[in-house]
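K.L.:
Please build the complete structure, drawing on both the sequences and the hints.
Number of protein chains: 2
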Amino acid sequence: MNDFSSRLLETAVSELSRLPGIGKKTALRLALHILKEDESYAENLGKAIIKMRNEIKFCTKCNNISDSQICEICANNKRDENTVCVVEDIRDVLAIEKTSQFNGLYHVLGGIINPIEGIGPNDINVGHLVKRVNTEEINEIILALPATVEGDTTNYYIYKLIKNFDIKVTSIAKGVAIGDELEYADEITLGRSIINRLPFSEIS
Amino acid sequence: MNDFSSRLLETAVSELSRLPGIGKKTALRLALHILKEDESYAENLGKAIIKMRNEIKFCTKCNNISDSQICEICANNKRDENTVCVVEDIRDVLAIEKTSQFNGLYHVLGGIINPIEGIGPNDINVGHLVKRVNTEEINEIILALPATVEGDTTNYYIYKLIKNFDIKVTSIAKGVAIGDELEYADEITLGRSIINRLPFSEIS
Numbered sequence: 009m010n011d012f013s014s015r016l017l018e019t020a021v022s023e024l025s026r027l028p029g030i031g032k033k034t035a036l037r038l039a040l041h042i043l044k045e046d047e048s049y050a051e052n053l054g055k056a057i058i059k060m061r062n063e064i065k066f067c068t069k070c071n072n073i074s075d076s077q078i079c080e081i082c083a084n085n086k087r088d089e090n091t092v093c094v095v096e097d098i099r100d101v102l103a104i105e106k107t108s109q110f111n112g113l114y115h116v117l118g119g120i121i122n123p124i125e126g127i128g129p130n131d132i133n134v135g136h137l138v139k140r141v142n143t144e145e146i147n148e149i150i151l152a153l154p155a156t157v158e159g160d161t162t163n164y165y166i167y168k169l170i171k172n173f174d175i176k177v178t179s180i181a182k183g184v185a186i187g188d189e190l191e192y193a194d195e196i197t198l199g200r201s202i203i204n205r206l207p208f209s210e211i212s
Numbered sequence: 009m010n011d012f013s014s015r016l017l018e019t020a021v022s023e024l025s026r027l028p029g030i031g032k033k034t035a036l037r038l039a040l041h042i043l044k045e046d047e048s049y050a051e052n053l054g055k056a057i058i059k060m061r062n063e064i065k066f067c068t069k070c071n072n073i074s075d076s077q078i079c080e081i082c083a084n085n086k087r088d089e090n091t092v093c094v095v096e097d098i099r100d101v102l103a104i105e106k107t108s109q110f111n112g113l114y115h116v117l118g119g120i121i122n123p124i125e126g127i128g129p130n131d132i133n134v135g136h137l138v139k140r141v142n143t144e145e146i147n148e149i150i151l152a153l154p155a156t157v158e159g160d161t162t163n164y165y166i167y168k169l170i171k172n173f174d175i176k177v178t179s180i181a182k183g184v185a186i187g188d189e190l191e192y193a194d195e196i197t198l199g200r201s202i203i204n205r206l207p208f209s210e211i212s
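Protein chains in written order, with the working numbering: chain A, 9 to 212; chain B, 9 to 212.
These aren't lab readings, by the way, just hints derived from the structure by calculation. It cannot be assumed that every hint is accurate.
Copies of the same chain look alike in the list, so a pair counts if it works inside one copy or between any two.
To be verified - Listed below are the simulated BS3-like cross-link pairs for lysine-lysine, each with C-alpha atoms no more than 30 Å apart in a straight line:
hint, residue 1, residue 2
1, LYS65, LYS55
2, LYS44, LYS32
3, LYS106, LYS176
4, LYS86, LYS33
5, LYS32, LYS168
6, LYS139, LYS44
7, LYS33, LYS55
8, LYS44, LYS65
9, LYS86, LYS176
10, LYS182, LYS32
11, LYS65, LYS33
12, LYS33, LYS171
13, LYS32, LYS55
14, LYS44, LYS168
15, LYS33, LYS59
16, LYS44, LYS106
17, LYS44, LYS33
18, LYS32, LYS86
19, LYS55, LYS168
20, LYS182, LYS33
21, LYS139, LYS65
22, LYS106, LYS32
23, LYS139, LYS182
24, LYS33, LYS176
25, LYS86, LYS65
26, LYS106, LYS33
P.N.:
As structure tokens, then:
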């Protein structure tokens, strides 16, 4: 006898437990929940997963996830085509869109350089960025990668590739988070926010 | 524009976030993971979920999850048919099976009496238990429900229904967990384990 007295359940649990952060126990809990719900839920969930994977496209311009060849952001002619924000993945696009503070286009790298995980410059969407810089009328590239060693490495790599073009290259500000007490900010962040201090009038 | 720049992604995230303990952010992480994996994974996962929900059966004897009319435990003639262990759901069957200390059959209630959540005696598989007591040759019913107020209520309800049959009714032991220091055991558990003390020779 297998562990679950049902091979159908066992298969579902084993597939669910391949998801990140879902262990065997959680997978079993999810499977039993699906069994308790209406049949239509399992149907909708299963089909949504398969359909998404089979039919989703990546925007040929910015590599954002999209239902069509060009994503809704790139296709929106109200957005500023001259400013391109470089991000690691689509979650960063969602996070920046939520702030409503950016009206330009994006460039989704799909990863950052990480030698430990074996991710080199060729594994991320950086060649295509250089092509965009060459062919599109871009005035400013905003680097919005994670504030980590890997993010800094990738920033520097991209900067070297595009510094000879007549383009302003900027990076998102790093410093004390809004609402933070200074004494609880880590010293590197606090140090950076002193070095990168701004004239008072510019602070909103 | 919708939040996700892709309706396919949005649908998958919304279906995933209906799973217990999975919020919108986790659902997005899972969906992006599925997108990064091979197409066959999404296919396998989706189909396993749908197939499980559509084809799984409940054992007509004990209500355990099963791929056939009678589950593998009930169908196993090496097991002791005269002892039936009453549990809340299939996870408890798995937990008890793992101990290798029980060789009887099960009866899965599919829930316990919980007035706050609107679960009454008619919502759980208790009528069928009485029928089994009537028709099968059961010598002992082991109540293995959660050690909570709801578990105790359900225990008592079942006890009242079957006490007039010539059947031994027992309950799993509650007490200090193996490996626990006494000072860290809660006082109710420790109190119970003193009241229900056993002759030294019986302790294994």
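K.L.:
Just pull the numbers of the violated hints for me, sorted ascending.
P.N.:
Violated hints: 5, 12, 19 and 24; rest satisfied.
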